[in-house]
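Novice: Here is what each chain is made of, one letter per residue.
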Amino acid sequence: MSGQWTPSQRALARAAYRRGRRRRSFLVALASTVVVAVLAFVVLVGSPGWDRAREAFFDPVEFVAVLPAVAQGLWLNLRVWVVAGVIAVVGGLALAVARTTTAPALFPLRAVVTIYIDVFRGVPVLLVLLLVGFGLPALRLPWLPITATFLGTLAIVLTYTAYLAEIFRAGIESVHPSQVAAARALGLTRGQTTRRVVVPQAVRAVTPALLNMIVALQKDSGLISILGAVDAIRAAEIAVSGSYNFTAYVVAGFLFLLISVPLTRLVDAYNARRGGRGVGAAMVGAIR
Amino acid sequence: MTGPTPKPLRPPLLRVAGLRKSFGTNLVLDDLDLDVAEHSCVVLIGASGSGKSTLLRAVDLLEEVDDGVIELRGVDLADPWVDANAARARMGMVFQSYNLFGHMSVLANVTLAPRLVHGRTKEEAEAAAVAMLERVGLGDKITAYPDQLSGGQQQRAAIARALVNGPELLLLDEVTSALDPELVGEVLDLLAELRAEGTTMLVATHEMGFARQAADLVCFLDGGRVLESGPPEQVLGAPEQPRTREFLARLHA
Ligand SMILES: Nc1ncnc2c1ncn2[C@@H]1O[C@H](COP(=O)(O)OP(=O)(O)OP(=O)(O)O)[C@@H](O)[C@H]1O
Ligand SMILES: [Mg+2]
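Protein chains in written order, with the working numbering: chain H, 1 to 288; chain V, 1 to 253.
In short, the hints are calculated from the structure, not lab data.
These numbers come from a predicted model, not from an experiment.
You may find that some hints are simply not true.
[To be verified] Mimicking SDA-like on lysine to any residue, the simulated pairs with C-alpha atoms at most 25 angstroms apart in a straight line are:
#, chain 1, residue 1, chain 2, residue 2
1, V, 122, H, 195
2, V, 122, H, 191
3, H, 219, H, 166
[Unchecked claim] Cβ-Cβ distance ranges computed for the label pairs, FRET-style:
#, chain 1, residue 1, chain 2, residue 2, range
4, V, 31, H, 108, 38 to 44 angstroms
5, H, 105, V, 166, 30 to 36 angstroms
6, H, 112, V, 166, 40 to 46 angstroms
7, H, 216, V, 166, 48 to 54 angstroms
8, H, 219, V, 147, 31 to 37 angstroms
9, V, 76, H, 108, 30 to 36 angstroms
10, V, 33, H, 273, 54 to 60 angstroms
11, V, 231, H, 273, 54 to 60 angstroms
12, H, 176, V, 121, 27 to 33 angstroms
13, H, 177, V, 209, 27 to 33 angstroms
14, V, 27, H, 219, 55 to 61 angstroms
15, H, 4, V, 182, 28 to 34 angstroms
[Unchecked claim] The following residues of chain H were derived to be distant from chain V, with all beta-carbon distances above 10 angstroms:
#, residue
16, 13
17, 29
18, 57
19, 94
20, 100
21, 125
22, 184
23, 188
24, 197
25, 226
26, 260
27, 264
Note that the Cβ used here is the ideal one computed from N, Cα and C, for glycine as well.
Given these sequences and hints, build the entire structure.
Specialist: In structure tokens:
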């Protein structure tokens, strides 16, 4: 029956009206974009230092010349990102769960975890990086690799593990106590309840926040350049000091954007798809 | 009190005696006594806040009580040295708000405890779960997630989750109060069926129709204790206590 529907005159008129509004909206948006773009161009190009700035920052020859070295550096950033991300996610979850334990024998564990999180959440990443980068080698531990990449990654891992532990903890606390009661009523132990009922729901609840942290981590991987690891930023720095032309920095920024913009869009799209739906509903989308 | 009740031949399945539970200064259960005989259906009625849920949660060891005895087949579960997980595994609890696990399909909800607590294999657990879900009329919702079910369907899934473990005692907390009137019937019919099969039940409810139809014993909770108890015709039809009469009058008003 419903397959036989022929739109009424009224429905056709409405559709035509909506099409008209959409076209109008598009034209308005286009016009205002053109105006803003032209204004920006005029201001930029008309500025007194434009010619020199263009040479110093947007030299096409330099752009092509430094691209391979900076891209090579970015490859290091990406590896650091993946390794640090995986360790921080796993570690953060482990710390968050450790905080929820109740066994008296585990009290020292809970205490250490709490102090760890307080410290590394409260200290700027940059400072952690300097302390780890220059402090640890001073200990002269024979088994400790003291490459800049290793120490830089370690510092980032230490910080992000603390950040992510806090996010996971918020997730664990967001799981309604009635879910725990239901699990305990079935005879599940505390540990089984945590693993099978609380953590899965907590992780799904904090996935948006988690993904945002992962994106932030990608950018912060550039901090390892401070210790001298030759990542994209350090590679650009080297190029700049050789040529006195800043285009290499622009190249590095361009490459970071190339990664982080699609990543952010992806995360936004995922979060939008989950919408404002509750924890339970969100999980459904994630599973299927 | 009420007329002479026939002396039970065996000790009751559940014996609650002198139970006391307070939240801070709020004394909710005050020296409460209650027996539930095997294969009987005991219905708890009482005003909102009279402690029905608290009593059920205490029996299922989800609340620590201040004092008193909670004996299941003669073993006092209130003793802290009793294995509480094992005790809970012998009882089934259905909550007012279903409390299904939102991240699991209906099937996973129902097979969780059999596999984790009762040591069933995946195949055994799934076969039993499917049979139980078909029994409660959810045979076609096995792969659905809780948020895809109506309230009545969620409540029936929760009942299946409790029943699949073959509990010795089924605790039901106002299992119909969150449901639309049309859905109440389907859940109550299911409970009446279980009752006919001899499932031992302790039920908190505001459904006097259900109490009248299915209860062996109706207990009116007031002031933290069982103020009046007896067969439904007596407690609901000709209550002795003025408080009970007041409560029933307000309910019918
Ligand atoms: N976790 C808690 N913390 C503090 N007070 C509580 C808690 N749970 C219940 N109470 C209190 O205990 C009293 C009894 O509550 P309970 O939920 O047992 O009532 P009820 O008879 O089930 O009521 P209803 O018919 O509305 O479900 C109430 O005064 C309530 O405020
Ligand atoms: Mg209640």
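Novice: All the hints need checking, so say for each whether the structure fits it.
Specialist: To see whether the hints hold, each was checked on the structure:
1. V:122 to H:195: Measuring from Cα to Cα gives roughly 18 angstroms; hence the hint holds.
2. V:122 to H:191: Distance ~20 angstroms between residue 122 (chain V) and residue 191 (chain H) Cα, so the pair holds.
3. H:219 to H:166: holds (20 angstroms)
4. V:31 to H:108: 38 to 44 angstroms: For residue 31 (chain V) and residue 108 (chain H) the Cβ distance comes to about 42 angstroms; the hint holds.
5. H:105 to V:166: 30 to 36 angstroms: Holds: the Cβ-Cβ distance is about 35 angstroms, inside 30 to 36 angstroms.
6. H:112 to V:166: 40 to 46 angstroms: Since residue 112 (chain H) and residue 166 (chain V) have Cβ atoms about 44 angstroms apart, the given range 40 to 46 angstroms holds.
7. H:216 to V:166: 48 to 54 angstroms: For residue 216 (chain H) and residue 166 (chain V) the Cβ distance comes to about 51 angstroms; the hint holds.
8. H:219 to V:147: 31 to 37 angstroms: At 36 angstroms between Cβs, range holds.
9. V:76 to H:108: 30 to 36 angstroms: holds (34 angstroms)
10. V:33 to H:273: 54 to 60 angstroms: Because 55 angstroms falls inside the window, the suggested range holds.
11. V:231 to H:273: 54 to 60 angstroms: The hinted range 54 to 60 angstroms holds for residue 231 (chain V) and residue 273 (chain H), with Cβ atoms some 56 angstroms apart.
12. H:176 to V:121: 27 to 33 angstroms: holds (31 angstroms)
13. H:177 to V:209: 27 to 33 angstroms: Hint holds: Cβ distance 32 angstroms, inside 27 to 33 angstroms.
14. V:27 to H:219: 55 to 61 angstroms: holds (57 angstroms)
15. H:4 to V:182: 28 to 34 angstroms: holds (32 angstroms)
16. 13: holds (37 angstroms)
17. 29: At roughly 37 angstroms from the nearest Cβ of chain V, residue 29 (chain H) sits farther out than 10 angstroms, so the non-interface label holds.
18. 57: Given that every Cβ of chain V is farther than 10 angstroms from that of residue 57 (chain H), nearest at about 50 angstroms, it holds.
19. 94: holds (20 angstroms)
20. 100: holds (17 angstroms)
21. 125: Since the minimum Cβ distance to chain V is about 33 angstroms, residue 125 (chain H) lies beyond 10 angstroms and the statement holds.
22. 184: The claim breaks: residue 184 (chain H) does not keep its Cβ more than 10 angstroms from every Cβ of chain V (closest is about 6 angstroms).
23. 188: Residue 188 (chain H) not clear of chain V: closest Cβ-Cβ about 6 angstroms, inside 10 angstroms.
24. 197: Answer for residue 197 (chain H): violated, closest chain V Cβ roughly 6 angstroms.
25. 226: holds (41 angstroms)
26. 260: Holds, because the least Cβ-Cβ distance between residue 260 (chain H) and chain V comes to about 30 angstroms, which exceeds 10 angstroms.
27. 264: Consistent with the label, residue 264 (chain H) stays out of reach of chain V, its closest Cβ about 27 angstroms off (over 10 angstroms).
Against the hints set out earlier in the document, violations occur for numbers 22, 23, 24.
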